[in-house]
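Chemist: Since chain B is already given, all that's left is putting chain G on it; use the hints.
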Amino acid sequence: MASQPALRDLEQFLFHEARLIDEKRWEEWGALFTEDGEYWVPATRGQPDPKNHVSLMYETTLLRDVRLKRYRHPNAMSLQPLPHSVHVIANVMLDSFDEAAGTCVVNSRFIMLEYRRNEQQTYGGATMHVLEQSGQSFKIRMKKVELANCDSVLPSIQIYF
Amino acid sequence: MTWSRERLSALVRQDAVDRQVYMDPELFELEMERIWGRAWIYIGHESQIPESGSFFTTDLARQPVLLVRHDKETFHLFFNRCAHKGTKVVELESGRAPMLRCGYHGWTYRTDGVCHHITGGDAAYQALGLSKGSLCMNLTKVPRAESYRGFIFASLAPDAPELASWLGPTAASIDNMIDRSPEGRLEVAGGVLRYHHDSNWKFFVENLNDMMHAMIAHQSSAQVARQLGKKIAAEGGTLPPEIQILAPFAEDPDFFEKMGVHAFANGHSYSGGKISIHASYSGIPEYEAALEQAYGKERMEQILSLNRHNTVVYPSFTCKGAIQTIRVVKPVAVDETVIESWTFRLVGAPDELLQRSILYCNLINSSANIVGPDDREAYHRLQHGLRSKGERWVSNRRYVGAGEPNEEGGRSATGSSDMVFRNQFEAWRQYMTADAAGGG
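Chains B and G, in that order, are what the protein sequence lines are.
Take any residue in the first sequence, note its place counting from 1, add 102, and you have its number in my numbering.
Take any residue in the second sequence, note its place counting from 1, add 1, and you have its number in my numbering.
Only chain G is shown next, with the shape it has when bound in the complex:
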């Protein structure tokens, strides 16, 4: 069955999507070409490749890629495959090397991808008029790779729009995370957690700005945490950070309505802003002093008062500026997704800030935590519930038409609105039905 533009377009209605968007393996392959092959996809952070020769390997739309620092100003993103036979050149996840050498036949590349050494020399290629200086002997670059203030995104589409304008108002979420450093700098620190999900990538991406699930799906951990918190407070104690992190998941539905959701072009969104479940963490005086010294009181208050809950840069990147953590989406198959969670050090801030981010990730993003498994279970049940052919349409009906334009050029709506999902699927429809010649 071929997916014509008309058939693809018919999968998305204003108020619902066809269940096939989560279920069909052919649609998943098309998504890899047309969404993940065209959008800007998050690769890594510049602090992961600090010095000339530093490298970092990851996947871009399931393809192995290699990020290398060439010199102070320049980094390159290559397809991680040897120009000779196609062997993955760098297997380690990160490291530093003066040259990149393929372990199979010894072809060696400079950090700008230019071939430095061919085992046996050029003679074997004379009949073809080729030598190690020929373009086809070099590592192949990913068509586009740009840094937005240290956050490196790449696109397989040579004609992708400029990154900063494509990010739109979600760039301010990244800005806020950076601004929270007294020196305006971030460093990846504290390791990575990789969580396997047996479900479609879109369930995760939707869930981040699903303001209706927390007090239901996370009731078991958040209610228990609230009860323990009440007991501690009744005994005159201060709330430990673990309780401050877990308890707000069981806030009243009204709290989540007030957080609100905000949707923008290209499928991007964020929730919260003025308030979020991260807004009531206790202050760290030493940190606030450092921030005030760097920015002045007024600007400091402005920075700390921005409390976006989850920002989604559709389809691959999500961040929580208020606690300096990102989650990166890596689709594997139509019903298989890996979610990576990374934490950042605010350069110039006390260690407690990083330690709070780490505590948050241990509690929420680790495979062995007591919050994430309930999300994973919800996605699993979605993946299985939607096997049912009794109903074609998956509802996105809440508050259709009720949002209003916001100052940032998008639309805002009450927290439990499905507006963000409708917006994601509008972007999905646009990517999937655009001229099929682009991307890869």
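Chain B on its own, in the form it takes in the complex:
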């Protein structure tokens, strides 16, 4: 990575990523991750790691692949009817840039509405992206979502934050 990415480009990438989820462009969304890219939603505040404590979601490429393919399966009971989402991404800040590794850490806040069959849930939280530059855009090495109500009693959550 030659130089520190512009905040506007980072923002546009996060908006694009969220839009792919809202528009159910699952395969395109999955392709945003690096081969070892991780997606993690801790189940408790300040959770140090995803291996020794339960998480709401902790997905490597393999599990992401299972979930994304399941979205297209004809007999996924809980996806009939399909859930729909709206993401709003804000407060985007570049926390750090590692010139040698070509990666940056981006912090943002989000509100997501998940709607399915006359019920709407509201989620919000802080997201940390570890991004690496890939051509004119970025790839996600890690997306960690710290949900405001991560330790609450929660109903089914079927859309990525």
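The hints are simulated quantities; they were obtained by calculation from the structure and are not laboratory data.
Note that the structure is predicted; figures quoted are calculated from it, not measured.
Worth double-checking, as some hints may not be accurate.
[What the hints assert, rightly or not] Only part of the chain G face toward chain B is listed, based on derived beta-carbon distances under 7 Å:
{"hint": "1", "residue": "M216"}
{"hint": "2", "residue": "A218"}
{"hint": "3", "residue": "R377"}
For each residue, glycine too, the CB sits at the ideal point set by N, CA and C.
Modeler: Relative to the frame of chain B, chain G by itself:
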């Protein structure tokens, strides 16, 4: 409409139950009194209150309770309400304190529940002849609380039978989970997942030993996992643990028939035993070495060969000994239930064991997983389908009469038999129609 003993009894037939058992709010209130107010209900594990003053708060039949370690040998279970005005004394879920102080008016209790301090002293109670030494100034104990090898259950019925005998052959499922530790000890570890369900608690309890749903309801995740597994195997790779966990949900119906179901007194049951969907996880050599050193080869093989799938201690506690996880049932309303899932560390075993339990819970028990939402959806559709008054009876007809007595004093049947459900409703009928004076 009052629920007389006759009307209650008529809700349960050998081959079917009245839809009202899942739908009627008055029946739900009666269940809280007569089933959840009489049976032994799971509270927590002793490792959650390791030291004097350690406490843990939870609900018992919707009532707030407070579990406190008093000293090395003694724990107490109190109703979590101040003797003064009834304020919930301890709000935190867990912690440690030398005394328990109510935040409202400052009344303070020792860890044995005895009142230590009344704000303003005894003078205000002189006319009644009361002081802080009076019984009514103490925290009130839940009538019964006992530990079965670290697993604490409580009953609101003073005359509840002794816990170990009430557990019957399901105690062996708990034993097996403990035996899987080279030191014979378990510790709660790895946090808790709490999953909200918009359905009656009995749908969940039945589903655990419903051997017909997995390959249908979980087809979407398990089939995809199998396909990915095949691809990995074809490329010469070993199956990752995620695939080992997900793929068996799509086993052939015949596999689930062979797992079998086993039913016992008090509504208890388990499925599997010799085989289960957890039986083919790859071994962890370091763990097996530790286990063999502790128990010898023969005993180790005996411990690891017991593969009970789900054990249900009716109505509140379910466990998977083979992967050291429990699920705890907490009814909220006739159509609302919270399911908690907890994982355990096998003391003396490598970290991989706990990590496998955690991975399993992330994949199956988390609100955001890809298996549980299909179960939750099935219960939701049951709750809504049964609004239909076109048919009064909910079928439990599969393999009526076909089971046979087993060595443990219960009955065993082929996996897709409804025997476990019939057995649960026989216990339900007995609890609901027993002398209404008991419980609370």
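Chemist: Compare the structure with each hint and give your call.
Modeler: Here is how each hint holds up against the structure:
At its closest, the beta carbon of M216/G sits 11 Å from a beta carbon of chain B; the interface hint therefore is violated under the 7 Å criterion. A hinted interface residue such as A218/G counts as satisfied when its beta carbon comes closer than 7 Å to some beta carbon of chain B; here the least separation is about 6 Å, so the hint holds. Taking 7 Å as the C-beta contact cut-off toward chain B, the hint placing R377/G at the interface holds, the least distance being around 5 Å.
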